[in-house]
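There are 2 protein chains.
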Amino acid sequence: MGLIVQKFGGTSVGDPERIRAVAERVVRSRAGGENRVAVVVSAMAGETDALVALARELGGESPDPREYDALVSTGEQKTIALLSMALQSLGVPACSFTGAQMGMRTDASHTRARIESLDAHAIRRVLDQGAVAVLAGFQGTDDDGNITTLGRGGSDTSAVAVAAALEADVCEIYTDVDGVYTTDPRVVPAARKLERVSFDEMLEMASLGAKVLQTRSVKFAKRYAVPLHVRSSFHDGEGTWVVPEEEVMERLVVSGVTFNTKEAKIRVRGVKDQPGVAASLFTPLSQAEIVVDMIIQNIGDDGSTDLTFTVPRDDYERALELARRAAADIGVEAVEGDEAIAKVSIVGLGMKDHAGVASRMFRVLAGEGINIQLISTSEIKVSVVIEEKYAELAVRALHAAFVEAGAAEPLEES
Amino acid sequence: MGLIVQKFGGTSVGDPERIRAVAERVVRSRAGGENRVAVVVSAMAGETDALVALARELGGESPDPREYDALVSTGEQKTIALLSMALQSLGVPACSFTGAQMGMRTDASHTRARIESLDAHAIRRVLDQGAVAVLAGFQGTDDDGNITTLGRGGSDTSAVAVAAALEADVCEIYTDVDGVYTTDPRVVPAARKLERVSFDEMLEMASLGAKVLQTRSVKFAKRYAVPLHVRSSFHDGEGTWVVPEEEVMERLVVSGVTFNTKEAKIRVRGVKDQPGVAASLFTPLSQAEIVVDMIIQNIGDDGSTDLTFTVPRDDYERALELARRAAADIGVEAVEGDEAIAKVSIVGLGMKDHAGVASRMFRVLAGEGINIQLISTSEIKVSVVIEEKYAELAVRALHAAFVEAGAAEPLEES
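Protein chains in written order, with the working numbering: chain A, 1 to 414; chain B, 1 to 414.
Bound conformation, chain A alone:
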């Protein structure tokens, strides 16, 4: 007998017919009571957008965050009640829980709250009675009973938190894709589904642009060692398991090639090489809540420095303006920007054991005539910034060289 937590997103519960299909899926997983199942759901697709439109109409561009959360949290509450009814119609006992009812306690940061604790007592009682627990994702309450929402990727995070609290055997994340792929199949038709991937690889892939899971929920799963199973809403086949590193049997040198064309680059030339300069530059950006991704510093012969960094493209204009203002204070030669960039990365646990992966990556790109502007590495990842127009070419070449050629092929410099 197992304990399964399942998470279905807004598209999977987008209309009554789909809610019924989810109910049937849950019934199959329950296997006549053999398994205990807790289901975490999002608002029906379109529902949140409609609520946000109402909020803007009555609350203006920035409606009160507390009331915004009270409003949008009705979306999941609708889904849990409807899914419970659908399960009951199939003869399976079910009981819904709002964030408050399930004891999902968060901090008081409305619209982007962080989970503080989950008292799974009430959920466990329902499961022990043989019923399906149907839980509202994305929402909780703070210490004063105010309704909060978790922000982007919140429902995945809710599901992982529930799985951790219940010590579930698995947290199944249902999506409109089959699992985690070696790269975007729309760019590389030869992309293949991974059977297993480690939390750290998944974290890198998620933060580098693979959209199947939010970084936040993977971090949570890693911390509490909750095995994730990313699988399709449309069929019962196996998807991709995201598991602790020791459970990844086949340590691929490169398990994924990702790309991100939603960043922009800012270069500050002729920065004096003295303490406090970087702080003067980046403090205004962090105060403006602009997330700086890569930062590269080159010290020149004359003791002055070039500082290059990337920011989300949506924040580019603001970041450029802030950088220019800061630059005026600290006295630099020039501030230049470029939006037409792409970040292309390779990710793989096996890099830990193989040297020379980076240099082979550079050679593959050079072979395609692609110039590298910036480089950043971690233990299991190499990222490069290139001209945006080469992004897909670079992904295809790297996928062919590292994934399609297979892990079996000897690495030249290993």
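Possibly wrong hints are sitting among the right ones.
Unchecked claim - Only some residues are given here: those of chain B computed to face chain A with a beta carbon under 8 Å:
(1) R20
(2) A21
(3) L58
(4) S62
(5) E67
(6) A70
(7) K78
(8) A81
To be verified - Pulled from the structure, derived: some chain B residues nowhere near chain A, Cβ distances all over 12 Å:
(9) N146
(10) V177
(11) A278
(12) S286
(13) I299
(14) R325
(15) D329
(16) E336
(17) S376
Think of the hints as simulated: they come from the structure by calculation, not from any bench.
Cβ coordinates follow ideal geometry from the N, Cα and C atoms, glycine included.
Use these hints to put chain B onto chain A, whose structure you have.
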């Protein structure tokens, strides 16, 4: 400085524009902070119907009551968040409360819960901070934290409960009519708005068919002596005050003429006049949750009895069937039914001081050639059952004789 509780129904908050109009109304009542205001709202018109349709689609004809309540309670939660935002947009601080958040505790009878207690501590704190408390009507939670709804007229009852708990100066019920009228103005153009009416008169009028307030909320208001002010959503003019009897200055002999064409009559002939017979007849009806209104018994010369009673017309077929089955057990002559009836009533505190009101009513009806089938009286009411086709004629004649003629006219037999 006053404390005002206001209640706006689904039509008053039916779309964003109307919610904004309600916000403006609340701001006027608040008078720049001079008054403290708590607002109780229903779901936006149409919202509940849409949710009920979804419930039927996924839960069938009788969806699980607990999940039904979890679903429909999202309707008011939407309204409280949106109205709070609208108030904030007008520069007025506001804070929303779901049933759970305001401490509205009910019993566990889903879809028709009864209020057990209201801990107004949280609401009072918000009011004391100078903010408007925006409260979800119609909903509460039971002792286990399950969401409950109060059923028909629930939002009015919520408003009265809040006013009682806060010891408010007034509970204002906003409607699409100006107030309480002497009769339905669509039937009698000379109908006039009452300035004041007692709780008991209002109770009689509500239970006799005047739709402006639900009996339940008036009972609650009477018990806790909460003055009600029934007034228009569309303009700021005075409506009708519903107050304790001692505050009604002008004790009209007849303050209202009501009629109800939604009942049916069942007559059981030749019932043996012995103990237990009535119980045999009415127990099955009450078990089937059919509400019996009037019951009239006539003892004949031969020791047998005719028993006539009225039931809601929607329950007529079921009631007739149950009566026939019971009649077969107790051995009666015949069971006859008639749907084409109307109950016409006159209501007035002044009847207590004036004899002969009933007989004058019978003479007025006889003067129009209307035959009376059943009669029922209380201290402040006389009701008669007549043929349905005479209902409007009877109302016009009684209104002319008792209301338009004025209380000043001497009553023949007083």
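Could you let me know if the closest chain A CB is still more than 12 Å away from the CB of B:V177? At about 27 Å from chain A, B:V177 clears the 12 Å cut-off, so the statement holds.
Distance rule for B:A278, whose beta carbon must clear each one in chain A by more than 12 Å: 40 Å, holds
Does B:I299 sit more than 12 Å from chain A, CB to CB? 52 Å, holds
Hey, does B:D329 actually stay past 12 Å from chain A on C-beta? 38 Å, holds
Hint check: is the beta carbon of B:A21 less than 8 Å from a beta carbon of chain A? Violated, because the Cβ-Cβ distance from B:A21 to chain A comes to roughly 12 Å (cut-off 8 Å).
Holds or violated: the hint that B:A81 contacts chain A, with Cβ atoms closer than 8 Å. OK, holds: B:A81 within 8 Å of chain A, min 4 Å.
Checking the smallest CB distance to chain A, is B:S376 really beyond 12 Å? Consistent with the label, B:S376 stays out of reach of chain A, its closest Cβ about 43 Å off (over 12 Å).
Double-check B:E67 for me: the hint is only fine if its C-beta lies closer than 8 Å to a C-beta in chain A. With Cβ-Cβ at 4 Å, under 8 Å, it holds.
Can B:K78 be said to touch chain A, with a Cβ gap under 8 Å? 5 Å, holds
Does B:R325 sit more than 12 Å from chain A, CB to CB? It holds; B:R325 is separated from chain A by about 33 Å at its closest Cβ, greater than 12 Å.
Let me know if the C-beta of B:A70 comes in closer than 8 Å to any C-beta of chain A, holds or violated. Holds, because the Cβ-Cβ distance from B:A70 to chain A comes to roughly 4 Å (cut-off 8 Å).
Taking the shortest Cβ-to-Cβ distance between B:S286 and chain A, state whether it exceeds 12 Å. Answer for B:S286: holds, closest chain A Cβ roughly 29 Å.
Of the numbered hints stated above, those contradicted by the structure are hints 2, 4 and 9, listed in ascending order.
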